[in-house]
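A.B. asks: Each of the two chains sits in its own frame; use the hints to bring them together as a complex.
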Amino acid sequence: MEKRIGIEASIAIAEAVGLCDADVVAAYPITPQTHIVEHLSEMVADGHLDAAFVPVESEHSAMSVCCGTSAAGARTFTATSSQGLALMHEILYIASALRLPIVMSVANRAISGPINIWNDHSDVMVERDVGWVQIFCENGQEAVDLTIWAFRLAEDPRVSLPIMVNFDGFIVSHMVEPLFMPDREMVKAFLPPFKPLQRLDIDNPISMGPVGIPDIFTEAKQVQQHLLTQAYQPIVETLGEFAKVFKRQYKPVETYRGDDADVLLLTMGAIGETAMTAVDQRRAKGDKVGLVRLRLWRPFPFEDLFRALGRIPVLGVIDRCISFGGPVGPVACEVKGALYGRKDHPLVVEFVAGLGGRDVTVTDFDKMFDALFEAKRSGKVPAPVLVGLRE
Amino acid sequence: MAYQNARPKWTELAVGTAVTCPGSSRATKTGDWRSARPVWTNEHCVKCGVCVIFCPEGCIQFQADGYPTADLDYCKGCGICPHECPTGCIRMQDEVE
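Chain order of the listed sequences is B and D.
Quick note, the first sequence lines up with residues 1 to 391 if you use my numbering.
Quick note, the second sequence lines up with residues 1 to 97 if you use my numbering.
Heads up, some of the hints might be wrong.
Claimed, not checked - Think about it this way: if two alpha-carbon atoms lie no more than 30 Å apart in a straight line, the pair counts; the simulated DSSO-like pairs of lysine-lysine are:
(1) D/K29 - B/K221
(2) B/K221 - D/K9
(3) B/K251 - B/K3
(4) B/K221 - D/K76
(5) B/K285 - B/K188
(6) B/K367 - B/K336
(7) D/K76 - B/K195
What the hints assert, rightly or not - From chain D, some residues computed to sit far from chain B (all C-beta separations above 10 Å):
(8) K9
(9) G16
(10) T17
(11) T20
(12) C21
(13) P22
(14) D32
(15) V39
(16) T41
(17) H44
(18) K47
(19) V52
(20) P56
(21) E84
(22) G88
These are calculated hints, taken from the structure and not from any lab test.
Virtual Cβ for every residue (Gly too), placed ideally from N, Cα, C.
Pulled out of the complex, with its shape left as it was, chain D reads as follows (with noise of 0.2 Å):
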């Protein structure tokens, strides 16, 4: 948050509730609405890079193994990517409490 305390009384509001400081998102974590999270079958994926074109959070990324990956902290759970997925490697799994 923008904020030192998370839940800031009124009179601690930033002028016209702007963001003061960069980087935010880093410390707002978005992913927690999600109710199901892309899995990969990494032996049926190509490397092609659909998926982390396509997301439309940006939050998938090839790891060190070449393979993609979704950042869960940010991934909503939309399902492009394995709409979007050409070889069909990647599946929504429901979240479960």
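The following block holds chain B by itself, in its conformation from the complex (with noise of 0.2 Å):
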């Protein structure tokens, strides 16, 4: 029986570690994701995880001691956040080129400079391409709900990928509230024992990680590229089983309020729980408004994506992060990456909210509704929206 309970969201995902028996964690504290580390060195410290803690003096080696266990065959876990994760960078791609299932906690927060430890998307963002599965939570049950179910998919035959679950620095990571922990005993009944593809073994030598020449690494890249593409079948299939055990179904894009809707606001992330109090008080003064909360980031749901959008003539996307230079908003340029070409697809409104902790307040979801339902009436797209900026 699962218990309702008060808890940090941090603390939750430990606990949660904890459940699914994870054989290593190695990781190195960095705030905001400090409390998930604290908490799971304390537990192997008291014994109620019988697991390796390796204390290591970067997330460069933290990322490395995990691609070392998990090709050993032990079940790992790590977590970090913004500059931690920019230190792991390099290894990210190692882990998923091995296929080595790592599942990791990311709180994310903004990259410096200027320094600064709250919450955005900057860091993920920056690793969209390094070959792991990335799913986005707005709370701390998804935290926790996901975490397990991260488990699974990551070691699931057919996908044997690294996993990223991105949950909003301090937001969420540092929030106590009210969920429900999982028991063991469903636990135990939802995720089966890890059975690696291959592992390191003296009985059976293989060599992990060797030099991939130009004649074999444009092949390397599309086995990569096929089977991120295809874990998608087993992410929808495996969130089903998750919800039969815990009665909590999750998909790779949910809507809110969407069906009849004459404008939709696409967000990531905890955002999505303030705007559907913005939605609610919209369509309370009689304006059709609705959300798309994008949870699965790679492999990108297409599909799910034109569904949720439907036939929706303006759609608004936040993102929480920059690409200097560039596009402007790294999430709005993939979703019109993905729109290219289809008919009838919508006009679509860049905002960028919320960059190293500006809050994102019901008042500002409701000038940016105003933006979509003026871009309705006129026609035009209006350049990026800073929102919030002091100008």
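C.D. replies: Below, the structure written as structure tokens:
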């Protein structure tokens, strides 16, 4: 039976990793991921989790240890944020190329400078192309659930790829919220023991990570492209399996009051919850507004997005990151790319909001909806808007 | 190579492009990018083995007569052996097509 308890999301995530019986945790503490790592360290030290806790000297080492232990066949977890994720960058590619099913929590935080420890998505957006499955959570319950699910998906023999579970730093990671904490029996029913596709084994020696000469490299990259794209079906299936056991259903793309909407707004992560409040308020005034919440980032859920958009004439996309000197918003850029060449595609209005911990309030969403209605009326797309910018 | 077919299709690659059978270096000759090869003048060689120890490829070995020579299937022509040889009995000879 699940118990509903009040608990900080970071502590709950650490407990969830414990329920999954991780064999190895190799991590370096960084705000705002710290409580996850601290709590796991305590669980191992107190004997509540039979795992090796490797207190590394940097995130580069953390991810390197994770590659080694996962290659040896150990269920491996790590967590990071911001500069730490950036320091892992080069090893992230190795983990996916070697098909190591590492699970990593990312408490999303801005990248400096100026130095900033607060929440946005600029850390994860630069890791778009590392070949990992990437999913976003809106609250602590989702972060707990999708952490448990992440082990199942990553270790699925059809996938065998690493996965990042993203949730907003502080906004989610430090929030004490009432959530249903899964119990060990349920997790056991959902998550089978880890059976790696291959592992380092002195009785059956293999070399993992050898050189990929020009004559092999293109083929190796096609394998990764194929695997990550094809991971979509196992993702949907295992989310369905999760719903059967835990009675909570998650989808690659979720909508809120979008069916008869005149304009839609696309969000990722925790701001989706404030946005729902804003939608309710506008709906109460008779404005037909709705939300599209993009949960799965890689593999990109093209068909789910198209279904969610239907024939909507105007779509707003909120980015929590800027691609300097480029298309401004990375998410908007991807959405527009996905829509290219489709008949009756919507006008896409770009917003950048909530950078480096700036609050995104119901009033902010109200203004964004106003801009979407104005675009619908005029048929013109305004230049990308930095929400709340003082001019 | 680790693959039956030396130029495998993408669907034929091993998981994570691992080398799944040991000893693949034996089948993969890597000496073909050498531009010069070491040549020994045995009259000046004292069989000290410095070249054997310093060779970064480990491809220099003593022959039955006690003199060292390089396995040209793996020698990259780096030139460390003539640089280290105390008697100067090794010279690099350009590879000619």
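A.B. asks: Now tell me, hint by hint, if it's right for this structure.
C.D. replies: Structure-based check of each hint:
Between D/K29 and B/K221 the alpha-carbon distance is near 25 Å, which keeps this suggested pair within the 30 Å criterion. Taking the CA atoms of B/K221 and D/K9, the gap is about 12 Å. The hint holds against a cut of 30 Å. A threshold of 30 Å between alpha carbons decides the hint, and for B/K251 with B/K3 the separation of about 24 Å falls inside it, so the pair holds. Proposed proximity of B/K221 and D/K76 is supported: the alpha carbons are some 29 Å apart, at most 30 Å.
Proposed proximity of B/K285 and B/K188 is contradicted: the alpha carbons are some 47 Å apart, above 30 Å. Proximity of B/K367 to B/K336 is assessed by CA-CA distance (about 22 Å); at most 30 Å being required, the pair is judged to hold. Between D/K76 and B/K195 the CA atoms are separated by roughly 41 Å; this puts the pair beyond 30 Å, and the hint is violated. Distance check on D/K9: its Cβ comes as close as 7 Å (rounded) to a Cβ of chain B, failing to clear the 10 Å threshold; non-interface status is violated.
With a least beta-carbon separation of about 4 Å from chain B, D/G16 fails to lie farther than 10 Å from that chain, contradicting its non-interface assignment. With a cut of 10 Å on Cβ distances, D/T17 falls inside the contact zone with chain B, its closest approach being about 5 Å. Listed as outside the interface, D/T20 is inconsistent with that label: its C-beta sits roughly 5 Å from the nearest C-beta of chain B, within the 10 Å cut-off. For D/C21, the requirement that its beta carbon stay farther than 10 Å from each beta carbon of chain B is not met, with the minimum near 8 Å.
The claim that D/P22 is not at the interface with chain B is violated, since a C-beta of that chain comes within 10 Å of its own (minimum 5 Å). Remark: the non-interface label on D/D32 is consistent with the geometry, its nearest Cβ contact in chain B lying 12 Å away (cut-off 10 Å). With 10 Å as the threshold on Cβ separation, the claim that D/V39 sits away from chain B holds: the shortest Cβ distance comes to roughly 29 Å. Once the 10 Å rule is applied to beta carbons, D/T41 is consistent with being away from chain B; the minimum gap is 35 Å.
Every CB of chain B is more than 10 Å from the CB of D/H44 (nearest about 38 Å), matching its label as outside the interface. No Cβ of chain B comes within 10 Å of the Cβ of D/K47; the nearest lies about 35 Å off, and the non-interface call holds. The beta carbon of D/V52 is kept farther than 10 Å from every beta carbon of chain B, the shortest such distance being approximately 26 Å. The claim that D/P56 lies off the interface holds: its Cβ sits roughly 16 Å from the closest Cβ of chain B, which is beyond the 10 Å cut-off.
Listed as a non-interface residue, D/E84 keeps its Cβ farther than 10 Å from every Cβ of chain B; the least gap is roughly 27 Å. Its beta-carbon lying about 35 Å from the closest one in chain B, D/G88 satisfies the requirement of being farther than 10 Å from that chain.
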